[in-house]
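Trainee: Letter by letter, the chains look like this.
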Amino acid sequence: MADLTWRSAPRSRLTAASPPRSPKWRLLPSAIVLGVVALVVLVVPLFAELNEQYVDLAIANQPPSTAHLFGTDELGRDVLLRCVYALRVSLTVGVVAAVISAVAGTAVGALAGSIGGWFDRILMRVVDAIASVPHLLLGIVIVAILRPSLSAVIISIALTHWLTAARIVRSEVLSLRTRPFIDAAIAGGASRTQVLTRHLLPNVAPQVLLATTLMVPHAVWHETALSFLGLGLPPHAASIGNMINDAQRSLLIGGWWMSLAPGLLLIITTLAVSGLSGVWRDRLNPKRRTELTW
Amino acid sequence: MTRGQAIGRLALRRLAFAVPVLLVVSFALFVLAKASPFDPIERYFGVRIIGASPERVAQLRANWGVDEPVVSQYWAWLRHAVTGDLGDSLSLQQPVSAVIGDRLGWTVLLVSVGFTLALVLGLLLGTLAAWRQGSWLDRSITGGCYALEAAPVFWVGLAVLYVFALQLRWLPGGGVTTGSEPVSAGGVAAHLVLPVAVLAISQAPWFVLFVRQNLLESFTQDHVIGARARGLPDHLVVSGHALRTSLLPFLTLLGARLPELITGALLVETVFSWPGIARATVEAALNVDFALLGALTVMATGVVLVGNLLADVLYALADPRVALDG
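The listed protein sequences correspond, in order, to chains B and S. Counting from 1, one number per residue, gives the positions in the first sequence under the UniProt record's numbering. Counting from 1, one number per residue, gives the positions in the second sequence under the UniProt record's numbering.
By construction, these hints were calculated from the structure, which means they are not laboratory data. Only a predicted model underlies this, so the values are computations on that prediction, with no experimental measurement involved. Treat the hints with care, since some could be wrong.
Said to hold, decoys possible - If the Cβ cut is set under 8 Å, some of the chain S residues that face chain B in the computed set are:
(1) Leu-29
(2) Gly-134
(3) Pro-152
(4) Thr-220
(5) Asp-234
(6) Val-238
(7) Gly-240
(8) Leu-266
(9) Thr-281
(10) Val-288
(11) Val-304
(12) Leu-305
Unchecked claim - Far from chain B by the CB rule (all over 10 Å, computed), these chain S residues:
(13) Ala-6
(14) Leu-32
(15) Gln-73
(16) His-80
(17) Val-120
(18) Ser-140
(19) Glu-217
(20) Arg-244
(21) Leu-247
(22) Asp-312
Think of the CB as a built atom: it goes at the ideal place given N, C-alpha and C, for glycine as much as any other residue.
Kindly generate the complete structure, drawing on both the sequences and the hints.
Mentor: Okay, here's the thing in structure tokens:
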């Protein structure tokens, strides 16, 4: 006789997405990592009597040891110390470029959104056109024109990254314009400029700041890629991309530590930056929470 | 008007947008190149310009037309470009069309295999992660994806190169042939493994996370709940019901990922000394070879535009609910 006892169905996981874990899980580690990175990057060069360019051929190509935690490179420079300076350069480039592109993008987006009409249409078509050129290629073209240098890298990143900010600001401005408080301001006799500066811009500011922080890892990554291709900062300057580029040669003779450290540091730092901005974004608009960026 | 005609009109409308974009992009590049302090005549002569007679320099300036207005120079370039003559590359001393023709095939091979593998990986891992959501498997897949998203692709490439080509010596690590061997299908396939793998794992995380997210959202939709209520086993619910609807937006995103794919391919090619267009691009940039650099950039833009168009057409074909007036 068949077994008629009731058996519960195996537990299925095909249910609604489990609620995201409390933001503490992202907030704390990201904040700690960023705090340590910021401290090291800002403070070490101020106080330490260390020279990251110090060349000592006697200790060239040494694997990690207690004296040199991440080993030394082909000129006997300490990899860890160079990493600190490289991260300083890369983060500076990232932050400056992100701020410039956010300002430029906000200006274009706010103009397009508040003036509207054919002006808006043409401006957004231009944005679409620039967006269809692969970022890195456009950046390479700009660096080629300006010749590789720190400012060329920053300009090339800013010129390729303002599009996102412009699109965000424009759509926010368009949706804000339909809100009653804007009508009230216009009815109260506010000029176009007053509406823009007193009412529209302050209301898009949080979104713009968020977009800027999300842009920083992207900008850092861009700088690294350009430097890696030999189109970024001058070769002697320590930057993450330059270090990995230099380390390519040593890899062939077994020097794995020279590329490992800068890469790992970059991954950890960008994860921390995007982790923090992710928490912020979820607070800002919980409805648009996605898992695509954490 | 049938739906097929409507899709055809959509394609035509998008093509009508693509042509002016390409014109604007190429003209902008042209203006940028002209605005740069760089003089192609000086580049051509190099140090020999000191010994060159002024008549000869003037002759060459007139022949090359470098002192004519930008618009007429652009018009001359465009007229020739339409007939397939993209000018000469100063850095490689070859016609631009020959440079691109020699290398494009290798890049297309790398990109197409890499992209396909990334899609397969994305679908498989994304489905697995969503199906077992919250498990250690899900957590390691999503965690690995976040880490890979943050890692520069050339760094991953170097790591793979070091482990599999230099230490384990399983696979060749650079170029398409070993030593002076002639190019053969087997040899190329062996040389293709590492670059393709790196390109795929650098592109896959985004797809994995996207498939996972969309599947999780579809689990609460009526047709999936209905399928579960009828007692279908989980794997049938996922493959037959949840995946179908959640994959539709995937199609448009294929187009949106093309710029990233081109960027990734550029870096992967550099790491693995792949004889594609990456090397030519970097050479062109270092030597301010605008004829080559401009042609490559316009071409990449064209690929992105056509890719977006194809993705939209596919989407419209796959989902009858998609409106076609946008």
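Trainee: Taking the hints in turn, state whether each one holds.
Mentor: Verification of the supplied hints:
The restraint placing S:Leu-29 at the interface with chain B holds, with a minimum CB-CB distance near 6 Å, inside the 8 Å limit. Against a cut-off of 8 Å between C-beta atoms, the interface hint on S:Gly-134 holds, since the closest Cβ of chain B lies about 5 Å away. Annotation: interface hint on S:Pro-152 holds; nearest CB of chain B at approximately 5 Å, less than 8 Å. A cut of 8 Å between beta carbons decides the hint on S:Thr-220: the least distance to chain B is about 5 Å, and the hint holds.
Interface restraint check for S:Asp-234: the shortest CB-CB distance to chain B comes to about 5 Å, inside 8 Å, so the restraint holds. Interface hint status for S:Val-238: upheld, as the beta-carbon distance to the closest one in chain B is roughly 7 Å, under 8 Å. Residue-level restraint check for S:Gly-240 is violated (minimum Cβ-Cβ distance to chain B is 12 Å; threshold 8 Å). Proximity of S:Leu-266 to chain B holds as hinted, the smallest CB-CB distance being about 6 Å (cut-off 8 Å).
A distance limit of 8 Å between C-beta atoms decides the matter here; for S:Thr-281 the minimum to chain B is near 6 Å, and the interface restraint holds. Residue-level restraint check for S:Val-288 holds (minimum Cβ-Cβ distance to chain B is 6 Å; threshold 8 Å). For the restraint placing S:Val-304 at the interface with chain B, the shortest Cβ-Cβ distance is roughly 5 Å, inside the 8 Å limit, so the hint holds. A distance limit of 8 Å between C-beta atoms decides the matter here; for S:Leu-305 the minimum to chain B is near 5 Å, and the interface restraint holds.
Against the 10 Å criterion, S:Ala-6 stays outside the reach of chain B, whose nearest CB is about 22 Å from its own CB. At roughly 6 Å from the closest C-beta of chain B, the C-beta of S:Leu-32 falls inside 10 Å, breaking its exclusion from the interface. With a cut of 10 Å on Cβ distances, S:Gln-73 stays outside the contact zone with chain B, its closest approach being about 16 Å. Residue-level check passed: S:His-80 sits 20 Å from the nearest beta carbon of chain B, beyond 10 Å.
Every beta carbon of chain B lies more than 10 Å from that of S:Val-120, the smallest distance being close to 20 Å; the non-interface claim holds. For S:Ser-140, the non-interface assignment is confirmed: its Cβ lies about 15 Å from the closest Cβ of chain B, beyond the 10 Å cut-off. Listed as outside the interface, S:Glu-217 is inconsistent with that label: its C-beta sits roughly 7 Å from the nearest C-beta of chain B, within the 10 Å cut-off. Its beta-carbon lying about 14 Å from the closest one in chain B, S:Arg-244 satisfies the requirement of being farther than 10 Å from that chain.
Its beta-carbon lying about 16 Å from the closest one in chain B, S:Leu-247 satisfies the requirement of being farther than 10 Å from that chain. For S:Asp-312, the non-interface assignment is confirmed: its Cβ lies about 13 Å from the closest Cβ of chain B, beyond the 10 Å cut-off.
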